[in-house]
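Undergrad: This is what each chain is made of:
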Amino acid sequence: MPEAKLLPLSEAIDRFVPNGSSIAMGLAQETLIPFAAGHQLIRQNKQDLTLIGPISDILFDQIIGAGCVHKIRAAWVGNVITGSGYNFRRAVEAGTLEMEDHSNLTLAMALRAGAMGVPFMPARTALGSDLFKTNANLKTMNCPFSDDTLTAVAALKPDASIVHLQRADVFGNAHAWGNLGLIRDACLASRHIIITAEEIVEPDVISRDPNRVITPGFRVSAVAHAPWGGHPSPVPGYYNRDHQGFIDYQAESKTQETFLEWQRQWVDSVHSWQDYTKLLGAKRMADLAIKHHDLSEPVDYGY
Amino acid sequence: MPEAKLLPLSEAIDRFVPNGSSIAMGLAQETLIPFAAGHQLIRQNKQDLTLIGPISDILFDQIIGAGCVHKIRAAWVGNVITGSGYNFRRAVEAGTLEMEDHSNLTLAMALRAGAMGVPFMPARTALGSDLFKTNANLKTMNCPFSDDTLTAVAALKPDASIVHLQRADVFGNAHAWGNLGLIRDACLASRHIIITAEEIVEPDVISRDPNRVITPGFRVSAVAHAPWGGHPSPVPGYYNRDHQGFIDYQAESKTQETFLEWQRQWVDSVHSWQDYTKLLGAKRMADLAIKHHDLSEPVDYGY
Amino acid sequence: MSYTLPQLMVTAAAREIADGEVVFVGMRLPLLGFLLAKSTHAPEAVGIYELGIVRDTLAPEPILTMGDLPNLYRARWLADTADMMGLLQQGRVDVSFIGGAQVDRFGNLNTSYIGGVTNVTTRLPGSGGACDLASLAQRHIIIMNHEKRRFVPRVDYITSPGFGAGAGWRRKVGLPRGGPATVITTLGVLRFDAQSCEVMLVSVHPGVSVETVRDNTGWPLQIADQLTETPKPTEKELDMLQRFDPQQYWTGN
Amino acid sequence: MSYTLPQLMVTAAAREIADGEVVFVGMRLPLLGFLLAKSTHAPEAVGIYELGIVRDTLAPEPILTMGDLPNLYRARWLADTADMMGLLQQGRVDVSFIGGAQVDRFGNLNTSYIGGVTNVTTRLPGSGGACDLASLAQRHIIIMNHEKRRFVPRVDYITSPGFGAGAGWRRKVGLPRGGPATVITTLGVLRFDAQSCEVMLVSVHPGVSVETVRDNTGWPLQIADQLTETPKPTEKELDMLQRFDPQQYWTGN
Chain A
1 MPEAKLLPLS EAIDRFVPNG SSIAMGLAQE TLIPFAAGHQ LIRQNKQDLT LIGPISDILF
61 DQIIGAGCVH KIRAAWVGNV ITGSGYNFRR AVEAGTLEME DHSNLTLAMA LRAGAMGVPF
121 MPARTALGSD LFKTNANLKT MNCPFSDDTL TAVAALKPDA SIVHLQRADV FGNAHAWGNL
181 GLIRDACLAS RHIIITAEEI VEPDVISRDP NRVITPGFRV SAVAHAPWGG HPSPVPGYYN
241 RDHQGFIDYQ AESKTQETFL EWQRQWVDSV HSWQDYTKLL GAKRMADLAI KHHDLSEPVD
301 YGY
Chain B
1 MPEAKLLPLS EAIDRFVPNG SSIAMGLAQE TLIPFAAGHQ LIRQNKQDLT LIGPISDILF
61 DQIIGAGCVH KIRAAWVGNV ITGSGYNFRR AVEAGTLEME DHSNLTLAMA LRAGAMGVPF
121 MPARTALGSD LFKTNANLKT MNCPFSDDTL TAVAALKPDA SIVHLQRADV FGNAHAWGNL
181 GLIRDACLAS RHIIITAEEI VEPDVISRDP NRVITPGFRV SAVAHAPWGG HPSPVPGYYN
241 RDHQGFIDYQ AESKTQETFL EWQRQWVDSV HSWQDYTKLL GAKRMADLAI KHHDLSEPVD
301 YGY
Chain C
1 MSYTLPQLMV TAAAREIADG EVVFVGMRLP LLGFLLAKST HAPEAVGIYE LGIVRDTLAP
61 EPILTMGDLP NLYRARWLAD TADMMGLLQQ GRVDVSFIGG AQVDRFGNLN TSYIGGVTNV
121 TTRLPGSGGA CDLASLAQRH IIIMNHEKRR FVPRVDYITS PGFGAGAGWR RKVGLPRGGP
181 ATVITTLGVL RFDAQSCEVM LVSVHPGVSV ETVRDNTGWP LQIADQLTET PKPTEKELDM
241 LQRFDPQQYW TGN
Chain D
1 MSYTLPQLMV TAAAREIADG EVVFVGMRLP LLGFLLAKST HAPEAVGIYE LGIVRDTLAP
61 EPILTMGDLP NLYRARWLAD TADMMGLLQQ GRVDVSFIGG AQVDRFGNLN TSYIGGVTNV
121 TTRLPGSGGA CDLASLAQRH IIIMNHEKRR FVPRVDYITS PGFGAGAGWR RKVGLPRGGP
181 ATVITTLGVL RFDAQSCEVM LVSVHPGVSV ETVRDNTGWP LQIADQLTET PKPTEKELDM
241 LQRFDPQQYW TGN
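Residue numbers (this note's numbering), protein chains in the order written: chain A, 1 to 303; chain B, 1 to 303; chain C, 1 to 253; chain D, 1 to 253.
Any given hint could turn out to be false.
[Claimed, not checked] Here are the simulated lysine-lysine pairs, BS3-like style, with alpha carbons at most 27 Å apart:
#	chain 1	residue 1	chain 2	residue 2
1	A	Lys139	C	Lys172
2	C	Lys172	A	Lys133
3	D	Lys172	A	Lys139
4	B	Lys139	A	Lys139
5	B	Lys254	A	Lys157
6	D	Lys172	A	Lys157
7	A	Lys278	A	Lys254
8	D	Lys236	B	Lys254
Note that these hints are calculated values from the structure, not bench results.
Owing to the predicted nature of the structure, the values given are computational and were not obtained by experimental measurement.
Required output: the full structure, derived from the provided sequences and hints.
TA: Have a look at this one:
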């Protein structure tokens, strides 16, 4: 039997995310954002983190606001439906946050290079742009065949990818569905993979559909059970996007003071996923629940 | 409504594979090999084809034997369980077949470069090997960041990818499962995509599971219904590998004369998939049928 | 027929999409523009969303953003961002949409650093996929507020390349194709001169004067010979928009 | 206990796998070697198959080749070849297996062109993934027939790089790691000298003399100081092999 990797979320973060780690999160951009795990980073007062992600919606802003972050390697940091991320703005404008600017394509290629085990990937994007100014991991180069000018993107190998998925077994085998963003490449590129899952299921639920497995289980370091662990982002099959959560956050993060109040309420006073769902309340959860179900047609992996 | 793309196999090949085409086939290596479509190329006596694939098992050998092929860009051509492909051997030894030698990794990167829209991809394989001797699409280069020596693999953009899959709708949306080899990147890299499918299904069977879709339907040129179109290779969910078919082919292809006899029996005298299954016979098909079914657990794409 | 300014802008955006085109759909107003085009004159348009979605039908319920679950429901394809970017990088995307905070006369966009990187006065969210869309789509459409502080002679930072320093620049830096085609603003619609690559005003929104547009532009703005008025949304278009954005979250005044 | 030569070779191959290792499994005998190791001393070994399979349990039925459906059934992961190659290229594969038609004293393999590319006498199937495994695994094991025409001073064509021209060559050409560790032949087992990178005989199969091995090698073969006899398959190992290859398709005489 392979080793069981199921841990309480606090222990998973404690063991696999030391201070100074580089962490990829929010890899599917708007969906499946690992908010519960991100809040655990805040709760454990991690320091000097480097956050890596394409568009993390408000998660990066929260971890920045809590003072955990030294550097950002991302394409976009803000609030998808309201605009700016205020903690991010404050930190960059104050000069306290190191920035490596990417586009979604360059970040995807950086992680794909890591996943493929090569030191860089070529791209045709960003030529003539100013992304190169804050990003030493982008260089122009000439194609060895066509002599075309290209953007070389250096490989990115995060210390850990933290991903929130729908279902996993205790051995680290997990299913994800919906738009997948950069999840697959980021997991393969990372030293550690930490999965939080809506459900922990029997191993055969996973193994009866190996094409839906997101990354090979032997590469996974920890699995934590985290129902509503993606809230307020949407989790296909489980709950819809909580738009109000994002709208509220705009005001809640407007100043450092209001943000600390938000942190006290939504992070510091929460010690388990049960606390979190209690805070959300039954009505809000019912409102966000999937109402129109649409099940996939099974396929046969028999012999 | 999008355009319906369902065509008889003969018409699909006729319209989208002119003489001189470069065609990617056998992309999942041992499974899902598009034998029915390959035989149709022979039946239409296509000329000057370039065949592209990692390990096509015996399909490439058959098309070479029928005199349709000018050039091979592949990692391995033979018979997976008996060894040599005799038509391939004869043609290379006679100097009538142009050869571009790849490894599985270089071919995967060539197609991935095509899929990503970049002129090359870097790799760490094949350095010091003689693959470079017959393959001008491999060059050594230095990494722009680390200065490491790398193998640059030029992009490959086939005129068509021909893939055999489990189920498709008439609009070109299709599901595949099992090991996927190079199918996804090859389809994205190709100008035309021709799908042969075990079953043509209602559109919602496909659209209720968009993660299982193999390539975006708007990129597909034609879909043909071809039950047993992968035989003797295995098709997950439909039938097992017909080992005897591969073993028999060793003797059947030993000389040019025996091969022509094989071609007469298995290709020239076959004019439809119904003919082919009649030739196979009910007992052989029953022997190859899936006996131990194992269905995937549905997932919910609702809202 | 009354309409709001965002409704007018979304309608103008929708009209930039021809039937059958492959559209890389952005966030916010462009999302509605794509839905509007699909449900009116461009039913065969195909939408690509950078987070890994291809769909060619309307979502069954109004969505506020592209990651909303109704936008995943019965999508044509759910896959990786790299797959979407591959289609874009290959040149298979006909048109894309980008929002901007600062634009210049050659259509360069800044959504990153007001003041530039060494003297940041305002940090904006950054590129997301915008730099990629501006680099790699066959053409792209910019949507933004028309204010003098936003329409500047030269952007402080190029997040998303337009025509750079003018004619020939894109080819010179190595961009394989494309460039901005249209700027839809709160005051009018602008297009680019094929020779000089400089932006010029081609239509003003109803009730807006050329002077107002000029006053809100940070350089002497060129005016097209045949200046028109931006067509108002039709009743059908407004009906559709009401269905797509029933709370007027994006299209309210 | 009677056994066949292929059974002995598969058993020797299995013993090259340590428990918990990640194994890139090839075709034919290595496939059986992996299954044998899994079912005896290496239950936690993980198998990677280049066509896009990761599995860490035995297939429920005997398989002749890696694409057989029982090898897909309840696999841990079914994905793309590029994903498997990524794991390999990253250095996450501990050991891999390759068959060969022609080998030289530095472990270079030819499975492409006997006679070389300009004077082809026999065209063989080619690399498949072998070149990649030889380039990128932490170590690789070669399995082949021991005949003088196959054991040549210098291969006609390097399909799969060994130690090239000797010590330091792999680093010089840019290979990131690895190299051949062992050659399991029909006559014995050979390993590589850590200094010179030249292959030497470390064990002979039961009943095979050192002279026979020398006579079937195309250069003066080095012999290890502590030459041993290759261990015979145990009863348990033969039992297992009988279950994995009941028709003795691969392990018959």
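Undergrad: None of the hints should be skipped; say for each whether it holds.
TA: A quick look at each hint next to the structure:
| no. | hint | result |
| --- | --- | --- |
| 1 | A:Lys139 / C:Lys172 | holds, 16 Å |
| 2 | C:Lys172 / A:Lys133 | holds, 19 Å |
| 3 | D:Lys172 / A:Lys139 | holds, 26 Å |
| 4 | B:Lys139 / A:Lys139 | holds, 20 Å |
| 5 | B:Lys254 / A:Lys157 | violated, 50 Å |
| 6 | D:Lys172 / A:Lys157 | holds, 25 Å |
| 7 | A:Lys278 / A:Lys254 | holds, 25 Å |
| 8 | D:Lys236 / B:Lys254 | violated, 39 Å |
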